[in-house]
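**Q** So the sequence lines, in the order shown, correspond to chains A and B.
For the record, in the first sequence the residue sitting at position 29 is 29 according to our numbering, with numbers rising by one throughout.
With the second sequence counted from 1, adding 1000 to any position gets you our numbering.
Just so you know, the hints here were simulated from the structure itself, not pulled from any lab data.
Certain hints may be false.
Cβ-Cβ distance ranges computed for the label pairs, FRET-style [as the list claims (entries may be wrong)]:
#, chain 1, residue 1, chain 2, residue 2, range
1, B, 1051, A, 81, 36 to 44 Å
2, B, 1072, A, 40, 29 to 37 Å
3, A, 81, B, 1072, 42 to 50 Å
Derived pair list, reagent style EDC-like, types lysine to aspartate or glutamate, alpha-carbon separation capped at 16 Å [stated by the list, open to error]:
#, chain 1, residue 1, chain 2, residue 2
4, B, 1027, B, 1057
5, B, 1044, B, 1086
6, B, 1044, A, 3
7, A, 42, B, 1072
8, B, 1051, B, 1040
9, A, 42, B, 1040
On the chain B side, residues computed to face chain A include the following (Cβ under 7 Å) [as the list claims (entries may be wrong)]:
#, residue
10, 1045
11, 1072
12, 1076
13, 1080
14, 1096
15, 1112
Just so you know, even glycine gets a beta-carbon here, dropped at the ideal spot from N, CA and C.
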Amino acid sequence: KQEVTQIPAALSVPEGENLVLNCSFTDSAIYNLQWFRQDPGKGLTSLLLIQSSQREQTSGRLNASLDKSSGRSTLYIAASQPGDSATYLCAVASGGYNKLIFGAGTRLAVHP
Amino acid sequence: NAGVMQNPRHLVRRRGQEARLRCSPMKGHSHVYWYRQLPEEGLKFMVYLQKENIIDESGMPKERFSAEFPKEGPSILRIQQVVRGDSAAYFCASSPLIRTVLPPSGANVLTFGAGSRLTVL
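Sequences are here, hints too, so could you generate the full structure?
**A** What follows is the structure, given as structure tokens:
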């Protein structure tokens, strides 16, 4: 049974710091892995998607890596800003369709 | 394109009442997924539907919960005889295909709605 764990559960940093959020999964037979952002009371915004054959994806100040063999992914946020404050969710797709298994999230607070 | 529309955004019910949550997928999307997010937890898969078919309901509680996606109209998640433990945010997501070949930029596979927040008193 696929399980997804995210560390740390919460993080508070001053503006400008570079951050690393961690995600681990128990079954390496995944189709893809996604990182989402969730703002309080809002829906989910997809940030990056890494296919199982890829090692990393980049979008602006965000970079996500995937190591399938070790069951790990990291989300790197460069030069953090207060607007980055949100909960970041990691999710893996293991099946033949878009059935995602989510981690519990990392709650990020970036203070000025 | 208005995206995935969920309503109501907020719903309050007393124990024993029924809750109906609606989800209109993005235009052209024929696959709908429902997820539940309990307070301070991640999203948990509930059910995957195509038009007029339930494909995977492995995450649905065996009793009181049902889902449908009719040929016409929105997908509906129905919770009968609600209890306090049903209080949660219910998210709907839609996709156009079962499996999508994506460009390297990492575009969305699923598009999520803003959620319906159910409070049971």
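**Q** Starting from the hint list further up, note which numbers the structure goes against and sort them upward.
**A** Violated hints (numbers, rising): 4, 7, 8, 11, 12, 13 and 14; every other hint is consistent with the structure.
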